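Colleague: Sequence:
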Amino acid sequence: VAHIYASFNDTFVHVTDVSGRETFIRVTGGMKVKANRDEPSPYAAMLCAQDVATRLQTLGVTSLHIKIRATGGNRTKQPGPGAQAALRALARAGMKIGRIEDVTPIPTDS
Numbered sequence: 002v003a004h005i006y007a008s009f010n011d012t013f014v015h016v017t018d019v020s021g022r023e024t025f026i027r028v029t030g031g032m033k034v035k036a037n038r039d040e041p042s043p044y045a046a047m048l049c050a051q052d053v054a055t056r057l058q059t060l061g062v063t064s065l066h067i068k069i070r071a072t073g074g075n076r077t078k079q080p081g082p083g084a085q086a087a088l089r090a091l092a093r094a095g096m097k098i099g100r101i102e103d104v105t106p107i108p109t110d111s
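All you need for our numbering is the position in the sequence shown, starting with 1, plus 1.
FYI, nobody ran anything at the bench for these hints, they're computed from the structure. One thing to keep in mind: the hints can contain errors.
Stated by the list, open to error - What follows is a list of derived Cβ distance ranges for each label pair:
(1) Arg22 <-> Asp103: 28 to 34 Å
(2) Asn10 <-> Lys97: 28 to 34 Å
(3) Thr109 <-> Val19: 25 to 31 Å
(4) Asp103 <-> Thr24: 20 to 26 Å
(5) Asn37 <-> Leu60: 17 to 23 Å
(6) Arg22 <-> Ile98: 34 to 40 Å
What the hints assert, rightly or not - Okay, derived cross-link-like pairs now, EDC-like style, lysine to aspartate or glutamate, Cα gap no bigger than 16 Å in a straight line:
(7) Lys78 <-> Asp52
(8) Lys35 <-> Asp18
(9) Lys78 <-> Asp103
(10) Lys33 <-> Asp18
(11) Lys68 <-> Asp39
(12) Lys68 <-> Asp110
(13) Lys35 <-> Asp11
(14) Lys68 <-> Asp18
All figures in this text were calculated on a predicted structure; none of them were measured in a lab. The C-beta atom is built at its ideal place from N, Cα and C for all residues, glycine as well.
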């Protein structure tokens, strides 16, 4: 399962097993670019996803379910600019994509 957390400050691509207990790899936009202003950019997200895809191919993983998350809560419910780029880069790297799910937390009291 690839958990993609795309806020307007950074993008995380975190791959776990199906139960979510064991982490295979976790890469952020800040690990890939030098400037702080570039962390949430689609380019940084694309670099993250390419890094994740190469690591997964060495581990022998060929298919993924994807969970996309925005900041949520009382903040924005739309994913940041890196979500679409990360998803596209994973698909282009040859990963088979099963389900794509939005797991943004939504408040129930408002």
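Colleague: Now, for every hint given, state plainly whether the structure supports it.
Modeller: Evaluation of the provided hints:
1. About 22 Å separates the C-beta atoms of Arg22 and Asp103, a value inconsistent with the hinted range of 28 to 34 Å.
2. In this structure the supplied range 28 to 34 Å holds for Asn10 paired with Lys97, their Cβ-Cβ distance being about 31 Å.
3. Range check, Thr109 to Val19: Cβ separation about 27 Å, and the 25 to 31 Å hint holds.
4. Distance hint check: the CB atoms of Asp103 and Thr24 are about 21 Å apart, consistent with the given range 20 to 26 Å.
5. Against the hinted window of 17 to 23 Å, the Cβ-Cβ separation of Asn37 and Leu60 comes to about 31 Å, which falls outside the hint.
6. At roughly 22 Å, the beta carbons of Arg22 and Ile98 sit outside the given window of 34 to 40 Å.
7. For the hint pairing Lys78 with Asp52, the CA-to-CA distance comes to about 27 Å; that exceeds 16 Å, so the pair is violated.
8. A threshold of 16 Å between alpha carbons decides the hint, and for Lys35 with Asp18 the separation of about 30 Å lies outside it, so the pair is violated.
9. For the given pair, Lys78 sits about 10 Å from Asp103 by alpha-carbon distance, which is consistent with the 16 Å threshold.
10. Of the pairs offered as hints, the one joining Lys33 and Asp18 is violated, with about 24 Å between alpha carbons and a cut-off of 16 Å exceeded.
11. Only pairs whose Cα atoms come within 16 Å are accepted, and Lys68 paired with Asp39 is rejected, the gap being roughly 23 Å.
12. Annotation: proposed proximity of Lys68 to Asp110 is violated, straight-line Cα distance about 24 Å (limit 16 Å).
13. Of the pairs offered as hints, the one joining Lys35 and Asp11 holds, with about 13 Å between alpha carbons and a cut-off of 16 Å not exceeded.
14. For the proposed pair Lys68 and Asp18, the alpha carbon gap of about 13 Å is at most 16 Å, so the pair holds.
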